[in-house]
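*Asks:* With the sequences and hints as input, model every part of the structure.
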Amino acid sequence: MFEFFFKYPITVFTKGRLVLLGAWPGWVLLLLIVASVAGLGWLIWRRLPEAAPKMQTWRAGVVWLLQSLLVTLVLVLSWQPAITVAELKSQQNLIAVLVDDSRSMAIADSGSDGKTAREAAAVRSLNDGILAGLQTRFQTRVYRMDSGIARVEKVDGMQATASATHINDGLKQLVAETADLPVGAVVLLSDGGENNGGIDLETISALRNRRLPVHTVGFGREQVGHDVEMDDVSVASRALADSRMKATVSFHQRGYAGGKTTLVAKDGDKALASKDVTLGADGAIQTETMFFNAGTAGVKRVQFSLEPLGGEENVANNATARLVSVSGEKRRILYVEGEPRWEYKFIRRAADDDHSMQIVSMLRTTENKIYRQGISDPAELADGFPVKAEDLFRYDGIIIGSVEAGYFTPRQQELLREFVDRRGGGLLFLGGRFALADGGWGASSVTELLPTFLPNGKNTFHRDPATAQLTAAGADSAVMRLLDDPAKNVERWKKLPYMMDYQDAGSPKPGATVLAEMNVGRARLPLLVTQNYGRGRTAVMATSGTWRWQMSQALGDPTHDMFWQQLLRWVAADSPGRVVASMPVQRLMDDGRVRLTATVRDKEYVPAPDARVVAHVIGPEGASALVDMRPVPDNAGTFQAEWTAEKPGSYVTEVTAGRGADELGRDVLTFERTDGVAENFHTEQNRELLEKLSSQTGGRYWKADELGRLPREISYSEAGISVRDTKELWNMPIVFLVLLGLMSGQWMLRRKWGVI
Amino acid sequence: MKVVQAMLVAVVAVVFCSAVAAYQRVADWGYQPEQSNVKAEFAWSRLSYTSNLGSSGYGGYGGYYGRGWATWSRDYPKADRQFLIALNRLTRIEGRPTEQVVNLDSDDIFNYPWVYAVQVQTWSFTDEEAKRLREYLLKGGFLMVDDFHGTADWENFMNGMRQVFPDRPVEDLENKDEIFHVLYDMDDRFQVPGEQYIRTGRTYEKDGYVAKWRAIRDDHGRIVVAICHNMHLGDAWEWADDPEYPEQFASMAFRVGLNYIVYGMTH
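From first to last, the protein sequence lines stand for chains A and B. Add 4 to a position in the first sequence, counting from 1, and you land on the number used in my numbering. Add 4 to a position in the second sequence, counting from 1, and you land on the number used in my numbering.
Think of the hints as simulated: they come from the structure by calculation, not from any bench. One should not assume that every hint holds.
As the list claims (entries may be wrong) - Cross-link-like lysine-lysine pairs, in silico, BS3-like; alpha carbons within 30 Å at most:
(1) Lys180/B with Lys334/A
(2) Lys158/A with Lys707/A
(3) Lys264/A with Lys279/A
(4) Lys43/B with Lys499/A
(5) Lys135/B with Lys498/A
(6) Lys19/A with Lys270/A
(7) Lys513/A with Lys250/A
(8) Lys135/B with Lys499/A
(9) Lys492/A with Lys279/A
(10) Lys82/B with Lys462/A
(11) Lys651/A with Lys176/A
(12) Lys250/A with Lys373/A
(13) Lys119/A with Lys93/A
(14) Lys250/A with Lys270/A
(15) Lys373/A with Lys43/B
(16) Lys119/A with Lys696/A
(17) Lys373/A with Lys135/B
(18) Lys158/A with Lys176/A
(19) Lys180/B with Lys216/B
(20) Lys498/A with Lys19/A
(21) Lys180/B with Lys373/A
(22) Lys492/A with Lys250/A
(23) Lys135/B with Lys216/B
(24) Lys158/A with Lys119/A
(25) Lys93/A with Lys19/A
(26) Lys334/A with Lys264/A
(27) Lys93/A with Lys513/A
(28) Lys707/A with Lys119/A
(29) Lys43/B with Lys498/A
(30) Lys216/B with Lys373/A
*Replies:* Rendered as structure tokens:
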């Protein structure tokens with residue numbers, strides 16, 4: 005239809021440039037148009053008093069407008085308007101046809117019947133005239149595309165069996181391999197299921213540099229009828245043994261809104277946790293939180309899955325897995341207590357049952373005696389609280405009990421700040437008669453570490469009962485989770501026995517999180533407040549009376565110990581070592597390229613840019629490699645290396661850092677390469693990606709039933725060997741229709757108004 | 005007139021008898037258990053229990069033993085209060101100035117994780133009381149027993165203890181045990197006699213010639229019952245201010261008590 009009125013395809017207008025072929029300059033045209041329009045206006049205005057009364061109204065304006073348009077159009081046509089557009093020279097260019105042959109193209113949801121495999125539909129489109137049409141003016145090269153591209157002589161033999169789709173890599177490879185060939189355009193037949201997420205800027209730039217348009221042809225339904233698909237699982241990649249872990253699982257569904265299924269977390273055959281979920285609206289991302297125990301030390305492959313529903317079209321996308329490296333090492337917490345008291349004893353007892361935690365404590369039993377517990381050798385803490393960073397930074401967390409700020413020297417107070425800020429440790433303040441405001445902490449330099457603004461003055465500690473209850477943030481926190489069921493957990497907290505005492509910790513600072521509050525009579529005070537500070541974290545637990553949870557509940561009740569174990573893990577578990585290795589993703593999908601990053605610090609946790617860092621990678625089938633990691637410029641203490649995991653399977657990487665003969669530290673990282681799994685996900689046609697790719701490269705997105713026009717329109721390209729063609733516009737049918745319309749319109753209006 | 009005389013005699017007799025009864029009641033009750041309202045971290049808790057010597061129990065303080073006190077209240081409360089003076093003076097523990105009497109008939113004992121009992125050869129428990137004491141100890145409570153002597157007392161003590169812990173062994177503590185070093189190093193311990201030493205010069209009572217430092221532990225190896233057999237620490241605290249009672253016995257008794265409390269508050 006467009007071509008009927010405009011003579012040329014729309015591509016000519018979108019890609020071409022408007023020019024005026026007339027000999028006179030354009031400004032003359034503009035001047036004439038303005039003069040003509042003004043002259044017509046003046047004439048009409050001049051003769052208006054003599055005109056019929058009916059024409060002395062807005063009707064005169066309409067006549068002026070129609071006449072002005074007519075004159076303007078005639079003047080423009082006099083200047084010979086035309087479109088110049090680049091067009092591929094016939095028989096001198098090559099069209100690259102890329103056919104996606106990954107496994108998702110085998111899904112039978114295409115064709116006129118909606119039951120033809122996507123690949124088969126693509127092949128049929130090519131054989132039904134597209135290839136022949138292209139070949140009348142161009143040479144064609146057909147490639148199959150999966151994790152890369154490979155040329156094929158015939159399209160009939162292609163099988164949609166490849167385990168991955170890497171459109172990005174395929175296009176990049178095409179640009180590189182055809183650098184010396186006159187490729188005029190690329191035709192990509194695909195469902196858009198790019199396993200690596202998208203097309204990167206580098207690839208788009210390479211295509212643009214060659215002005216190579218990518219015409220994309222989409223296959224497959226844009227929405228499935230009945231399916232539940234796992235989108236993402238967010239879970240810590242490291243944990244201490246027996247940790248309570250929190251996983252945030254997101255998924256979406258179509259066709260089962262309001263239905264019920266079960267979310268399960270498994271380690272091998274062992275179920276770790278399960279949760280009944282009610283499915284949300286079609287297409288909406290739904291997020292569920294679940295808690296599970298990390299178990300014993302070792303690398304765990306935790307699979308999260310949604311139980312398949314009846315009639316589900318694709319059950320392979322119901323599950324995904326994450327690697328969790330569970331460490332058996334003990335985290336050491338230094339507990340400084342200013343007086344013997346029950347809270348001290350019961351916190352220690354809770355930690356005794358946690359094999360991943362060790363409390364090293366120094367307790368002031370008398371004015372001049374310190375009783376040490378949990379020390380690793382007789383010299384540890386023999387001189388009291390450490391005065392050197394390297395001695396204090398050996399600990400992963402610190403607890404300050406009922407002890408005055410003045411007990412610490414200014415240097416020791418500064419070390420406390422550096423412990424959190426630079427070392428990345430956790431610092432917990434407890435309530436007590438010498439603690440918080442009553443201990444003078446509000447007036448100390450450490451006050452900035454605290455997550456609350458302490459009250460002015462003293463007498464904030466009271467030996468009166470207080471009950472605990474969770475805040476909304478606490479209800480969602482793994483620290484406060486005593487029962488898996490969120491509602492029951494909140495109720496459990498409300499039913500805990502009262503605490504023996506409480507302390508007014510003041511008001512939370514901006515950015516701090518109140519996890520629990522205390523009910524004291526009718527007042528409500530913050531009980532447990534946390535915040536991040538520098539690389540570490542701090543917290544206030546404004547009581548010393550939780551021991552009553554242990555003594556006043558039934559023998560064997562785990563509440564007290566579980567809470568303290570979880571809080572102690574929060575304090576210490578995330579404290580980084582001197583060497584921290586990381587990588588962007590720990591599950592590689594079909595692509596083994598790995599970028600390893602390590603941050604290295606010395607014994608005082610100062611970045612160590614002069615370290616020597618080596619990664620030892622051990623993989624499946626005896627694969628082993630030593631990779632030197634190089635310093636990253638302008639990022640002191642950070643080192644990087646790139647490596648490729650050639651085979652699918654699990655890999656363990658030990659990163660070791662040294663300085664001279666001294667070892668600064670080491671860290672272990674695990675990752676996994678899985679091939680073929682990504683193809684099970686996002687099986688709907690990714691039209692958005694295909695449209696974006698074509699629009700960014702000057703191509704066009706095509707539906708399968710529009711392909712008949714492709715051979716002709718593809719020729720308007722600046723790539724390859726092309727010439728600029730000038731197409732005159734004066735003889736477009738639309739021009740004559742408009743001229744006729746303006747003239748006849750004016751005549752008909754005048755007739756209607758009775759002035760003719 | 006005879007009637008008036010008779011009535012007068014009767015009134016006098018009633019008043020006299022009432023006075024005697026009143027006097028005897030005071031004498032029977034001994035010290036009233038004064039439960040303090042002072043709030044502090046540590047409350048010295050003395051266990052009152054039902055005696056197996058025919059006592060009506062801790063409720064009535066009616067059991068006669070020795071000099072007429074209920075068995076659980078031997079040396080009470082002077083020993084307790086003198087000990088608390090030492091506790092507050094020699095340690096950073098915030099101790100309540102007066103003692104707390106607890107029993108096994110209610111859950112109130114769970115608010116006091118350290119408890120002291122004397123004359124434990126006379127204690128007896130119902131099944132419910134034994135269960136409550138067992139749970140108290142396994143949840144984190146600490147029991148120190150004192151002032152029982154000789155073979156017969158031991159057997160009687162164990163009769164009650166077996167109700168609480170049928171299977172847990174009693175062990176003799178070695179010098180290296182943490183409980184003897186938590187505050188004071190106490191490798192050189194000796195038998196601490198009761199007040200009778202002043203009159204008799206003997207450090208032992210009955211056939212308890214040698215002091216026994218014993219304990220029962222929980223599953224983690226922590227002492228939950230500290231047993232001071234063949235000694236009388238309570239008397240040493242009580243008579244510490246008596247010029248005739250030797251200072252070394254009182255000092256040893258205070259050190260033992262303080263170590264046991266610090267241990268109970270740290271383990």
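*Asks:* Could you run down the list of hints and mark each one as holding or not?
*Replies:* Going down the list of hints, with the structure as the test:
Using a Cα cut-off of 30 Å, the hinted pair Lys180/B and Lys334/A holds, with the two alpha carbons roughly 27 Å apart. Under the criterion of a C-alpha separation no larger than 30 Å, the hint pairing Lys158/A with Lys707/A is consistent with the structure, at around 23 Å. Pair hint Lys264/A plus Lys279/A holds up; C-alpha atoms about 11 Å apart against a cutoff of 30 Å. For the given pair, Lys43/B sits about 24 Å from Lys499/A by alpha-carbon distance, which is consistent with the 30 Å threshold.
For a cut-off of 30 Å, the pair hint linking Lys135/B to Lys498/A stands: about 28 Å separates their Cα positions. A C-alpha spacing of about 55 Å is found between Lys19/A and Lys270/A, which places the hinted pair above 30 Å, so the restraint is violated. Note on Lys513/A and Lys250/A: the hinted pairing holds, with a Cα-Cα distance of about 26 Å set against a maximum of 30 Å. Among the hinted pairs, Lys135/B with Lys499/A is consistent with the structure: their alpha-carbon atoms are about 24 Å apart, no more than 30 Å.
Our distance criterion of 30 Å between C-alpha atoms is met by Lys492/A and Lys279/A, whose separation comes to about 14 Å. A hinted pair counts as satisfied when its Cα atoms are at most 30 Å apart, and Lys82/B with Lys462/A does not qualify at roughly 35 Å. A C-alpha spacing of about 23 Å is found between Lys651/A and Lys176/A, which places the hinted pair at or below 30 Å, so the restraint holds. Between Lys250/A and Lys373/A, the direct Cα distance comes to roughly 42 Å. Violation of the 30 Å bound is thereby established for this hinted pair.
Of the pairs offered as hints, the one joining Lys119/A and Lys93/A is violated, with about 39 Å between alpha carbons and a cut-off of 30 Å exceeded. A distance of roughly 14 Å separates the Cα atoms of Lys250/A and Lys270/A; the hinted pair therefore holds under the 30 Å criterion. Taken as a hint, the Lys373/A and Lys43/B pair is honoured in the structure, with Cα atoms around 25 Å apart against an allowance of 30 Å. Taking the CA atoms of Lys119/A and Lys696/A, the gap is near 27 Å; set against the 30 Å cutoff, the hint holds.
The suggested pairing of Lys373/A with Lys135/B is violated, with an alpha-carbon distance near 38 Å, which exceeds 30 Å. Of the supplied pair hints, the one linking Lys158/A and Lys176/A holds, its CA atoms being roughly 23 Å apart against a limit of 30 Å. Of the supplied pair hints, the one linking Lys180/B and Lys216/B holds, its CA atoms being roughly 15 Å apart against a limit of 30 Å. At most 30 Å may separate the alpha-carbon atoms for a hinted pair to count; Lys498/A and Lys19/A exceed this at roughly 69 Å.
Straight-line distance between C-alpha atoms of Lys180/B and Lys373/A comes to about 19 Å, which keeps the hinted pair within the 30 Å bound. Taking the CA atoms of Lys492/A and Lys250/A, the gap is near 17 Å; set against the 30 Å cutoff, the hint holds. Distance check on the hinted pair: Lys135/B and Lys216/B sit about 26 Å apart at the alpha-carbon level, within 30 Å; holds. At most 30 Å may separate the alpha-carbon atoms for a hinted pair to count; Lys158/A and Lys119/A meet this at roughly 24 Å.
The suggested pairing of Lys93/A with Lys19/A holds, with an alpha-carbon distance near 16 Å, which does not exceed 30 Å. For the proposed pair Lys334/A and Lys264/A, the alpha carbon gap of about 41 Å is over 30 Å, so the pair is violated. Pair hint Lys93/A plus Lys513/A does not hold up; C-alpha atoms about 70 Å apart against a cutoff of 30 Å. The suggested pairing of Lys707/A with Lys119/A holds, with an alpha-carbon distance near 17 Å, which does not exceed 30 Å.
Among the hinted pairs, Lys43/B with Lys498/A is consistent with the structure: their alpha-carbon atoms are about 25 Å apart, no more than 30 Å. At roughly 28 Å between alpha-carbon atoms, Lys216/B and Lys373/A fall within 30 Å of each other, so this suggested pair holds.
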